[in-house]
Structure formats: structure tokens, C-alpha cells
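Next come the chains, spelled out residue by residue.
2 protein chains.
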Amino acid sequence: MIRKLLLAIGLIGFTTSTFAQTKLLTVEDAVSKGRTTLAPERLMQLQWIPQSNSFSFVTKKQGKEIVVIENATTQIQDSILSIEDFNSAWTNLNKNEKAMNRFPFITWVNTSAFRFSYSNAYYLFNLSNKTIKLLAKAPKEAEDLDFEPSTNRLAYTLLNNLFVNENGAVDANENEAAGQVISKKDMITKDGNSIVSYGKVVHRNEFGITKGTFFSTNGNKLAYYQLSEGMVSDYKLMNVSLNDTASKNLSKPTDFENLKYPMAGNKSHQANVWIYDFKKKRNLQVATTGDPEQYLTNICWSPDEEYLYIAVLNRDQNEMKLQMFDGTTGQFIKTLFTETHPKYVEPEKPMYFVKNDLSKFIWFSEKDGYNHLYLYNNKGDQLKQLTKGKMVVTDIITIDPKGAYLYYHATSTDGLNKFVYRLDLKSATSTCINKLEGQHTGLISEDGGYVLEQLTSASIPRRYLLMDAKGKEIGILFNSINPIREYKDCRIKLFSIPSTDKLASLNVRMILPADFDSTRKYPVLVYVYGGPHAQMITNSWLGGADLWLYYMAQQGYVIFTLDNRGSMNRGLEFENATFRNLGKLEIEDQLAGVNYLKSLKYVDPSRLGVYGWSFGGFMSTSLMTKTPDVFKVGVAGGPVIDWRMYEIMYTERYMDIPQNNPEGYHNADLTNYAKNLKGKLLLIHGTNDNVVLWQHTLTYIKKCVDEGVLIDYFVYPGHEHNVLGPDRVHLMRKITQYFKENL
Amino acid sequence: MIRKLLLAIGLIGFTTSTFAQTKLLTVEDAVSKGRTTLAPERLMQLQWIPQSNSFSFVTKKQGKEIVVIENATTQIQDSILSIEDFNSAWTNLNKNEKAMNRFPFITWVNTSAFRFSYSNAYYLFNLSNKTIKLLAKAPKEAEDLDFEPSTNRLAYTLLNNLFVNENGAVDANENEAAGQVISKKDMITKDGNSIVSYGKVVHRNEFGITKGTFFSTNGNKLAYYQLSEGMVSDYKLMNVSLNDTASKNLSKPTDFENLKYPMAGNKSHQANVWIYDFKKKRNLQVATTGDPEQYLTNICWSPDEEYLYIAVLNRDQNEMKLQMFDGTTGQFIKTLFTETHPKYVEPEKPMYFVKNDLSKFIWFSEKDGYNHLYLYNNKGDQLKQLTKGKMVVTDIITIDPKGAYLYYHATSTDGLNKFVYRLDLKSATSTCINKLEGQHTGLISEDGGYVLEQLTSASIPRRYLLMDAKGKEIGILFNSINPIREYKDCRIKLFSIPSTDKLASLNVRMILPADFDSTRKYPVLVYVYGGPHAQMITNSWLGGADLWLYYMAQQGYVIFTLDNRGSMNRGLEFENATFRNLGKLEIEDQLAGVNYLKSLKYVDPSRLGVYGWSFGGFMSTSLMTKTPDVFKVGVAGGPVIDWRMYEIMYTERYMDIPQNNPEGYHNADLTNYAKNLKGKLLLIHGTNDNVVLWQHTLTYIKKCVDEGVLIDYFVYPGHEHNVLGPDRVHLMRKITQYFKENL
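Sequence lines, in order, name chains A and B.
Numbering follows the working numbering, in which position 97 of the first sequence is assigned residue number 97; successive positions increment by one, without gaps.
Numbering follows the working numbering, in which position 551 of the second sequence is assigned residue number 551; successive positions increment by one, without gaps.
Certain hints may be false.
Identical chains share a label here; the pair holds if one copy fits it or two copies do between them.
What the hints assert, rightly or not - With a cut-off of at most 30 Å between alpha-carbon atoms, the simulated DSS-like pairs for lysine-lysine come out as follows:
| no. | residue 1 | residue 2 |
| --- | --- | --- |
| 1 | K252 | K584 |
| 2 | K33 | K678 |
| 3 | K343 | K252 |
| 4 | K390 | K493 |
| 5 | K626 | K252 |
| 6 | K252 | K675 |
| 7 | K23 | K678 |
| 8 | K200 | K252 |
| 9 | K675 | K23 |
| 10 | K211 | K321 |
| 11 | K502 | K343 |
| 12 | K678 | K740 |
| 13 | K388 | K435 |
| 14 | K236 | K260 |
| 15 | K734 | K626 |
| 16 | K211 | K252 |
| 17 | K267 | K252 |
| 18 | K675 | K33 |
| 19 | K267 | K236 |
| 20 | K252 | K236 |
Just so you know, the hints here were simulated from the structure itself, not pulled from any lab data.
Chain A extracted, bound-state conformation (with noise of 0.2 Å):
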């Protein structure tokens, strides 16, 4: 038993600020270490334990992972099993595995067993006699695992094919040794090709989208995409491998895989939705009717598992109809209601089935400018606004037993805080239950009575609470100390400017340099994103500021960054405002940021640089040649260059067809504006990016050769749309390298 163990250790934290902080970052740090030892500590798997008050997560005991249980109401703290136990019960199972160093993550079933999954296979520890069972296992080469808990069914995806395992039972001739297996029993469809695909992620992601398989309630059906790209264009992704020096090996030509991707206004791939039913061992399609390059969207089976809902959206992502189609026969029912907007609607979150009254059920929408909560009958009738007001509902976290309490989580209007919010059904009132500003979130117990929270903030690293239900705060369960305590302190300033046009209130990041001297001049770089879903600035720690930005500003650059409009959390108005010309406005708001720099004393305006990535490097592309003479130096990774080049999905959403916005694409088109070019910019590209595909920037070295314009570029071979991993050290060292010979 410990108790308050981790507190206590948290709280060494706050005697650490007598360090001297003369210690500078290196960019190794910065990129290697920002999000681990140089990131505030976290409080590792927390998590409630179902059908009880208690919660756990994993901490360490002299050097070694235990997994601890807290009691919330009595507050005593037990630790009840260590990495030695679990790796003596995962040993005795798997004679062949060897021992962890770390608890896989783990899913409470109930207080005495919990669920993990290793290596694409799940079990169960059960921790009254600490032994392991296979529950569901894939072959190692399956992906889209999807695993159903109350019928231990395992769905999962393999050479375009979908399959269910139940029991972790294989077939008898399967031998994973020899590479990939198909297990035939499991077999859910058959048909499955390069052009043809089932169970899989469709319409790249967006729409909130990001499986293909959805589990009815309690598990006996299985509603699954299908998706043909027979028909969208193919790119050629180049594979770029060494030699291998130390054999006698040949080399030979680079080889090329092919990536099926469908580009603005044209072609587009084309999902179905297909249903297998358990029982019936049958598959069946879905009855969707209307034009197939449509988007199928938020599937959702009706907690009685009787009917399937689908967010259906026309391809011009103007009009969305929320569907009911028979779950047993796959046919129509109806359209619950319909939604559109003269720019475009964007579902993003399945229905919410309301506990106690299965007949009513919860609906995202920002009809009313903000993402709020409505409820609605089965019959498509809206009852009731639940929500309102200037701020953001980002998601539901849970409703109470009883069904009269929802909780979720919303922005402050301002967009830079997240709380958490308790809504009174009835009253439709809600209450947020937090007290300090920062980016909340939370997790509550299953009978609602408590709740665990992690808070961050500018100037809170981060922090772990117990509260009750209210927000009555019961204690702290863990603080992170600042983990760039001994380093040399660069002052981080949130605040908002007014855009040009007085619409809007843009937020502002500023990192001042390591021993600010507000009598001296120092160049300034500006970190930009500016593109739809993303918002760079949050009162979280660092204010969301990479650790290479503060890394910068350690080496005596500002740093700037300014969430323009066209970003998120800021309601509809704000993000639409982009329709059909990105990068206009969002160049006006940035510009905003640049007088006001100049305005700033100590600010060398003859050194301003600007760098970003994907939508931030068409920011920063366009920075450095609509306005040639503001900055000086420009890094642009992965920009897009020309909409017409991106994917049908996000482009169209925002900028409708090229054969419809001509004059939007043509002014969005940033080769137009290459022989503007005065400062020096360098353009870095993944060669394998398969979101911005590398022809983006090809071209535009084609056109700058084509104007004469003299340009820097840069490519990472074998990475896609960001350069991650130890190659990023890479990376962020060439920007830093950039900008310091040129700024």
C-alpha cells in the first residue's frame, strides 16, 4: 500500500527552481527529447476500473513498472501488480515471447481483470490466480484491428480483404513463420484487390473517419466500408533504398508502389457499406442510393443493433442526410433530417444514443455558428438545443447511469482553454466544473459520482486531480515538475490582436528570447500553420509551442505565431471565413501579426522569417512571394503549391471544384507568384508524401527554373508528409542551419 506516493514525488517539482537555468538547448534536445524526458511528465494509463469507485494506472517501484489501484472515495492507494508478475503469467503462456519492460496498454474489464493486446493478438489478465488467456488473434501482417469486447471478436484487414477472428482460434495449417497467412475461416469477404477494398479507413480520413469496421452493440453484426478505386488516378510512390556496401550484392533501379490518388475535381474513389450478421453467417450491402462518389459517413448501429444510421454527404459537402437503413436487410427506412449550408457541412461525430431512452439521441452540430449538442427523437425531430453560447463542444465524454447527466468537452470562446462541462439533460443547463484556465480533460467514474483530470496550462506543466462530480477538488494525484527547469528562461506571452478588417480576434504566441533586452533589436521567426483544423495556440504548456521553437528563442530569435482565420475553435464563422479562397485571408490575418511586429521596439523588421508545414508551408510559400519584400528567409515543408494537385476530399470542402472556382484556384495557385521571389526560400519534401504528393514541389522548382527565380530545396527520401523519427534530428537541424546563415 502507498499512498499519495506520486503526489509526493510530484511535488519535488516545485523545490527544483533554485537550479541556475544557464543551460541553452540543442536541437537534438529540442527535436529528440521535446516529447519525452524535455515534456512534462505524465501519469502513465490512467484510468477508471468499471463497476467500482476505483481507478488505476501504471507508475514505477524502484526502477520497475507496477500497475496501482486508488480507491476514490477512501483514497488508498494499493499496488497490485508488478511487471514480474505479469511477465511471469505472459511467459508461462507464451514460451516463446520474452519478458516486457513495460505494461502493454491495458483495458479494465472489471476489478479483477483486464484486457491488453500484444503484437496483434488480445488477452485477458485475470488477476485473481495471475494468469493470461488468447482471447482474438490476427496473423502479424493484419492491420485495422478492431477488437469487440463482449464477444471477443477480433476484425481486422488483410490483402484488401476484411476477417473476424473469434477465440484466437487459427486454422490447423497456418504457420506464421513462413509470413503472411490468410486464415480462411475468418475470412469475412473474399473478393478483396488492388482496386477493391473492404474494412478499411475510406474518403482519407476525413469526416471524422478513421476505421472501417463497426461493431453493432453487442457485437453480432458488423457493418464494414467496401471501397473501389478502380477508377481514381494512380501516383507513383519511389523507393529510394542504399546499397548495401558491406556484400557483393548488385543494386538495381529504383522501384516504384502506387497509391490511388483522386485529385480535386476529378474522379473520385467510391465507398458502400456492407453488413455481416454472426448468426446468419451473411453478408449483405447496404442500400444506400444516389451518387456513388458521395461520402458515407459516422456509421452507427442503434444500441438495440436493429438499424444502421449513416451521415450521407453529397460530394459538394453542401448537404448532409442522416439516414436509417434496416440493419437485418441492409434496406432504406428513411432520412432522419437533413442539414446544409450554402459553404459546407462537415458531420464529424456519430449519433450520441441517450442511456435510459433509447429513442433519443444526442447530434453535433454548428448550424447555430458553434459546435453544439441537439437532441433529437428517432423520428428526426429535433427536441431541444442542449448547448450554446460562443464556445466549441468537442466531444462527449460520458452520461451518468441514470441518464440525467452529460459530460463534455468545450472551448472558452477565445478558443485557447478546454473545459469540462456537466449538462443538465433536463434543463439543458450546463455547468463547467473546472476552476483554473488551461486545457482540461477528463475522465468520470462510472457511476458519475467522480471524476480524474489532467490539466495543462501555460504556466502549469501538467497535473492530475481527483474531483467530484462538481469539481470539488478531492486531491492532487500527480504534478510534473518543469522538465526545462535548469534551462535558460524564455518568456511566453498568449494574447489576441485585431485582424486588419476588425472581424475578428487572432491569437498570438510570443517566445521572447533567452535574456530579453527590450533596447535591442532581434530578428523574429514567425512558425506558421493557418489551415483548417489545427490551432497552434493553446494555454497548454509551452503555450502548444514545440520545443524547437523555444529552442530558437534560446538562440536569440522572437518567435511569433498568430492562429489566423480558416484555424479551429473558433466556430464556424471563423474557420468558413477561407471559402473558396485559402490563402487570402488567412495571409491578411498574418500580416496583421507583422505590423504589429514592427510596431514592437525591439524588433529588427529587415529580419523576419517565416517557416511551416503542409498547409503551413503553402502559408509560408505565399508569405514569401505575395509579399516579397516582408521577409527575408522562408523554410516551406510538404506546401501545398497548387489545390488542384491536392486530395478531392479536404480541397473540395473548402475551395469546391476548379471548374467551378477557377479564379480561386488561379489566385491559390502559388506558381503564379514564384517570379516574385526576393528573399531566399527553401522548400523540403518527403519523397514518399503521400498527402502533399512531391509533384507539389517539383513543380514549383520547375517554375522557378522556368522564371529564372533562384530557390533552395531540400527532399527526405522514404518519408511522407513529415519527417519523423531520429531523421527529424535531421531535419530540424538543415531548418535551424537555413536560418541562421540567412536571417
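Using the hints provided, position chain B relative to the given structure of chain A.
Below, chain B alone, put in the same frame as chain A:
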């Protein structure tokens, strides 16, 4: 009649040295005018007229081109055809064609008619009545045109098949406006496809092979290559194209074209030779035997059209058999002789039959250490070595009508000069007919009595002379003025230094900065090539240097170039000393140059830069990484990085196959040295390079990323092995900027 008009124009040059030499070149000047207005002027289309002692050239009169004829005996010039008169005949024949501004390249048939080709058709201009007649034509898309003058047959290739047009006849249903047209009656082969082609160059232009069709002496037979590439690896070249921003068109993914590229040690293509007999209208395959991957080189007909000769080289390139085949049946008759060498033999010149005694032929061989001429009889017996000494015979010019004297070009021992020699075939004694040092090129009149000579040297921009057969000067035809006389002067020095091992004398070219001051310290730019079959330094205008190097000298750099061992025109041992170890001795020789530079008081040894392309890119990358403390800045264009990725013909000659020379390949694989890089290195590549594949630099960049090495990179989308055309200005500006910013 114009007498010595051109000599007079030429002499103006000597009067211009009083111009103020203050102008500085720009990169644009150096690149775009370096081979036009800032190059020494040429006497255009200088040539002898058959059946006469007259020669002709094209010049301008009142801004318009005229053809001038001069009688070598009387030296009387006659302006015989204006461009207007030519165009009048031209537009009379082809009503739809526009008038030409310049004469096409003409070839005299006799004193009253010349041939020319235009847009894949061959024409005869009759001077007496000023009319033009079509001789033969090929479709606009045809390639590999080969015109046979005695029969007016025109061989060409289209869609991998071979065709021959006779007398311009076309199929009745042929309609060129509709695009690519197959003229069925012209078809010689029918089964050509993407992996089997006919009539095209084989073996990637190595072994002196520059074409794929070989008409017999009187045009009655046609030998041609068949190339099978199905067994060769595919390599994809990316087509990067700009979107048309003016229209509403959609974008589409980058597409690719396929290249068959056999890499060292891998499967090679297979060549065969076929013969088409025009009288019998019959194709037959020449019965070559042996390894299907052997090289079939130097195809040559006997003067009586009865026999076909092929120099057959084994894939290992160390055994050449000169073989004789029956020109009617294709059957093998005999091997005339065999040449072997422990390193390699490289036949590059076909047999040359002696006039008046067709049973004898001359053969080029390096067997005594220098390329010399040997007389053989048609049984294959060597009768006589015709030339000797430490000089390289580069080519035969002609043999006089009586077969007594043969004229050839040969280099001086130091390789810097090239002279015209007159060989008495009976006594095998050669006489150099030139007096001045420099690069001489001679054209011999049909009767052997006169020589038209072009001369250039470091002090002579370009001069054209008329001489008698023994070299006695009759008159100067044209003397180009110094094309850069108005620009600041930079002193060019040609000299030699000993190699470190004292075994060789290495030619050096230095260009000193403008306003050179020996008390100052200058940075140095080393320009390097260093590979076989090339020589950077000759006793010619600017010492053989590109005008951009002169520009860099004007910008304050000492420009230094050294022809290391491996380079041409210095004899066999000098060239093949690098065998199996490319990049080893070459680097040692370059470092001898560096040591020389460091011995100069006016050189700043901390500011050395190096630049090269192709083999020169291999050299500059090597110099930056094998001796990382020597050079501060390097630029490597289209560099070979790992010889295992380079093509079979070239690589295996110098390196053997990787399986048999793993150490040599390993030592030359530059990815092994990437980690050593200390200075700034910029790699540049044309994305469609079909000689040194793009994967060379992409592999190197990947290795640098893996090793944490910072390096710079740039690509020229769509460009092949060099950046030509208008974009070359961009390339040289980019390189200039890189040296200026970093050196």
C-alpha cells in the same frame, strides 16, 4: 565576285585591342553567349566541292546569307547563291513552307548541285537552274535518319521499326497532318516493339557506336542493329509538368516513362545485326555466335559490298575479335585477328580500306600504348605499323586518289595540341604539316593537293587557312577577332606538374583573377572532370575553358583545372591506370594539384572550392569527403555515387563486374564517405537524367540524412544528364551563388 572579303573582316580583330578592357561578364553573358556572340567567330559550312579544287562557305552580305565559292588555285571568290534565291526555289517547291533565314547545312554533290535536309526530308539544289528536287523523306516523327547518296535511300526508325524511303515516294493514304504515320511500303522490319527495336544505336553509344544503320558502299545492302531489352531492368523517369493555370483544366498525377537501364553486373541487353538486301528484298540475320551479351561494334562493309565486318567484343571487354561475314548469306567466314589486354580493349574505329588496293585495310589499335594505325591484309595479317611514337592518332581525314598519302589528326605528346599529319603509306613516314602549336583540323581537297585548315590555340581565337598538301600556307581565309576583347582580361596559363608518384606529367590550366595582384590572397575554384574519354585542357581558345570559368576569374577567383590520369589523349597507360579503382588515382592526381596551389603565395588555402559534373560530380563529391579538410565548398552535378548503379558498358570496362571487384566498388561507393563531410556540398541532378540516374543523388541524400550530415541539394525537373537550353543560365547562377555565399 569578292576577293578576300572575309580576310579583311577578320583583320578588324587585330585593330580592336585599343578598346578599354573594363567590362565584366555576367553569368548570363557567359552561359548564353559563351558559344555564340562571345565565342570566336566561325567560317560557316567550310567544305570542299567534289570534282573540283574549289571550296565553299556561307557568309553574310548586307546582313543576308550567301554561299561563296573560292577556287583554291586561283583564289578567286564567287558569291554563287543568295538566301533569297535559295528561298525562291524552296517556296516554289513547298508552297506551305516559310522562307528560311539561314541556309540549312549543305553538302556538295558536284560543282553544280548540293544536298540539304530539312524537317526529315532530303533535297537536291540544282545550281544551274536554281530548282530544288525532293530526294527522300521520312515522317516528321521519324528518328535515326541515315541518307545514302548514291541511291537516294533514306533509312529511318519509327516506333522501334526500321524503314527506308526511296525517292520521296509516300503511301497514297499518308496524311502527316494527322500525326504519326507509318509508311507501310517503307517498312524493313515489322516486329519492333517496346522491348525489341531495329535500326537504333546499341550499347548506349559506347565503342564509337553512334548509329544503328550501315549502308553498303553503293547502297545495295543495309546492315542494321536489332536490340532486345526485355531482360533489362526497367527504370522510371518522372514527367514533371506545370498545370495550365490560364484554363480551368484539372491536374493529374505525375506520370512516368520507362527506360531500360542495365546496371553493372546485372543482365544486359542483347544486340544482333541484320542485313536487308534491296535487290532481293530480303532480311537475314548475321550469324554472330557466342555470348548473347557480347558487344557488336564497328560494323563495316567491304568496298565490294560482299562482306560485312564486325568487331566483336566479349562482355568482359578484354578480347576483341575482328570477324568477317558473308554479306549475302550472313554466314560467318572467319576471325581476321584477335586483340586482348589484361585490362580492356576498346575498338572505336571501323576498318579503313586503302584506296586502289581493296585487299588491304587500316586498323586503329592502342596495342603499343598509343592509338596508332596498322596496315592489314584481308586475311587478317598485320603488314605494317604505319604510325608510331608518343602521340595519339585521333582519326583519319582522308587518303589521296592515288592511295599514296593518308592524312590524319594526331595529338602532341602532352595531349594539348592536335596536328594534321601526312603519312606516306609506302615508307610509313609521317610529316606534320602544321607550323604553329594549337588545335588544327584539316579538310583535304579531293585531289589531295590542298588543305583547308581551322586553327585555334590559347592565343588564337580561331583562324582558317588555305594550305598546300605539305602545309605551305597559301592564305588566311578568316581570322576571328578576340570575342571578349572589351572585357577585363584574365591571364590563362597552361603548364604541367608532376604527379605525386612522379610517374606522370599532369596538364594544368590556371586562370588568374582580373587585376591580379600577387601580394593578395585569392580563393580558388577547382573545376574538375577527371573521367576517361575527356580532356578539359587543350591548347585552344581559353585553354578549353568554358566562359563561365573566365567569368568566375573576373569575380576574383583563381580558376584551376588539372587533367588527371584516366583522361584521354595521353596514351593507354595514362588512361587505364585507374582500372578497377575509379576515383583513387584520379583523386591523388587532383591532390597533387591542390598541393601545387597551396605552394602559391597568392592562394588562400582555407578557401578552396571544387565543382564538377557527371564523372566530375563523382570527383568533387569524393574530394569533399575523402579528404574533408581540403575543400571548403563543393558543387557536384549529376554525380555517379555508386558505380553499381551505373550502366554496364562503361562501368564494366573500367571496374569489371561488382561480383569480381567488390573492393574496388566498395572503395568507390561515395555513400561510404558521406559521414566525413565537413564543408558545404551542393548536389544537383536533372530529374530525368537517363545517363547517371537520379537515384544516385537520392541515395546519397538518404545516406547523409541517415548519418546526420548536413548537405545541400537541388534538382532540375525534366532535365536529363545536363541542364541545357535557357535553364542553363539558372544552373550557373545557382552554382555561382553557392560559391559566392560560402567560399
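Here's how the hints hold up against the structure:
no., hint, verdict
1, K252 - K584, "between (46 Å within a copy, 25 Å between copies)"
2, K33 - K678, "between (36 Å within a copy, 26 Å between copies)"
3, K343 - K252, "between (50 Å within a copy, 26 Å between copies)"
4, K390 - K493, "within (24 Å within a copy, 79 Å between copies)"
5, K626 - K252, "between (43 Å within a copy, 25 Å between copies)"
6, K252 - K675, "between (39 Å within a copy, 24 Å between copies)"
7, K23 - K678, "between (37 Å within a copy, 27 Å between copies)"
8, K200 - K252, "between (33 Å within a copy, 25 Å between copies)"
9, K675 - K23, "between (43 Å within a copy, 28 Å between copies)"
10, K211 - K321, "within (21 Å within a copy, 67 Å between copies)"
11, K502 - K343, "within (22 Å within a copy, 79 Å between copies)"
12, K678 - K740, "both (18 Å within a copy, 17 Å between copies)"
13, K388 - K435, "within (20 Å within a copy, 100 Å between copies)"
14, K236 - K260, "both (9 Å within a copy, 18 Å between copies)"
15, K734 - K626, "both (25 Å within a copy, 23 Å between copies)"
16, K211 - K252, "between (37 Å within a copy, 28 Å between copies)"
17, K267 - K252, "between (35 Å within a copy, 10 Å between copies)"
18, K675 - K33, "between (40 Å within a copy, 24 Å between copies)"
19, K267 - K236, "both (17 Å within a copy, 25 Å between copies)"
20, K252 - K236, "both (18 Å within a copy, 12 Å between copies)"
Violation of the numbered hints given earlier is absent; every hint is satisfied by the structure.
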